[in-house]
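From first to last, the protein sequence lines stand for chains A and B.
Numbering of the first sequence is given in the numbering used here, commencing with residue 1 and proceeding in unit increments.
Numbering of the second sequence is given in the numbering used here, commencing with residue 141 and proceeding in unit increments.
By construction, these hints were calculated from the structure, which means they are not laboratory data.
A virtual CB, placed ideally from N, CA and C, is assigned to each residue, including glycine.
Heads up, some of the hints might be wrong.
Restraint ranges, calculated between C-beta atoms of paired labels, are given here [as the list claims (entries may be wrong)]: (1) B:Thr261 / A:Pro48: 35 to 43 Å; (2) B:Ala196 / A:Val10: 49 to 57 Å; (3) A:Leu111 / B:Gln273: 18 to 26 Å; (4) A:Ser86 / B:Gln273: 53 to 61 Å; (5) A:Gly99 / B:Ser173: 43 to 51 Å; (6) A:Gln14 / B:Glu254: 27 to 35 Å.
Protein chains: 2
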Amino acid sequence: MRTIVNQPEVFLRQKGIKASFQRVRIFDYLQNSREHPSVSKIFEDLHPHIPSLSRATVYNTINLFLEKHLVIPVPVEGTEARYDLSEPIHAHFFCTGCGQIFDIDTKAFPLPAELKDFDVTETHVLFKGQCPQCVGKTSS
Amino acid sequence: MRTIVNQPEVFLRQKGIKASFQRVRIFDYLQNSREHPSVSKIFEDLHPHIPSLSRATVYNTINLFLEKHLVIPVPVEGTEARYDLSEPIHAHFFCTGCGQIFDIDTKAFPLPAELKDFDVTETHVLFKGQCPQCVGKTSS
DNA sequence: ATTCTTGCAAATCATTTGCACTTTA
DNA sequence: TAAAGTGCAAATGATTTGCAAGAAT
């Protein structure tokens, strides 16, 4: 269960990020989105409400959030990067039918013995297939 | 442990793929590579030996191999796709220091109950961090 | 006033496409 | 010789960069 930050400006400052209008809006968007959005999606959804917003600013902001570890890239292959707020370990399910990415609760993955000399900082588990809404539909 | 195909032309035909010179070379390259290479890497390594080779052919071939399920994309974020020959389930470790991707043997990941109505066709486990060679070095 | 942020446009990089030429069954 | 494969160059799409103008401290 995600913890919603209700004072994003304070939260951003604590992370060493100056809380500009655009950054707060993008952070709010990420908090309220469950779709692990791409930069394009963020831009297209916010642009109508912030007409002056530029794609470059969304890229700048996401890259800043990445540096400060507020967001992580969801490791799905494909041409467009998708992002998620950093959270305790959880898995993702990527639907090859509709492209949605679902959060899946899961216990921590037991670390294989092979990795004992590695410094493991992140674990990602990705399932792929069809979600219940897509299972019925043709898949040709 | 990977099974090496020593008659790639026969193998490709069995998969319904016409065994052109370039395709056999690219398949051989994938078999002998342990680096989960990108298209650029494949191209740059083969080009000196096959001067006529074109990047487009490498893309065509990889896309064909993907269709025929000979290779799978390794789901790491980043701007360049990386590929692996299809294999029984295993995990990957991505080193944020040197960019190497290691194969890690692992038991099948137990399917979370949440996914009972999903059609799960693939499971990917990705660990990230620093490999033993990079752990010592500065990380600023 | 200095520093950081934004927004535009141009640049870059990965990937795809269109098409003419070559290979091969 | 028809069908499929290759290679080049141009097109597309995502992302980054350079820079001038704007906002914040």
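Verification of the supplied hints:
1. The hinted range of 35 to 43 Å is satisfied by threonine 261 of chain B and proline 48 of chain A, whose Cβ atoms lie roughly 37 Å apart.
2. As the Cβ distance of alanine 196 of chain B to valine 10 of chain A is approximately 52 Å, the hint placing it in 49 to 57 Å holds.
3. About 19 Å separates the C-beta atoms of leucine 111 of chain A and glutamine 273 of chain B, a value consistent with the hinted range of 18 to 26 Å.
4. A beta carbon spacing of about 27 Å between serine 86 of chain A and glutamine 273 of chain B contradicts the range 53 to 61 Å that was offered as a hint.
5. At roughly 30 Å, the beta-carbon separation of glycine 99 of chain A and serine 173 of chain B lies outside the given 43 to 51 Å, and the hint is violated.
6. Between glutamine 14 of chain A and glutamate 254 of chain B the CB atoms are about 32 Å apart, so this pair conforms to the stated range of 27 to 35 Å.
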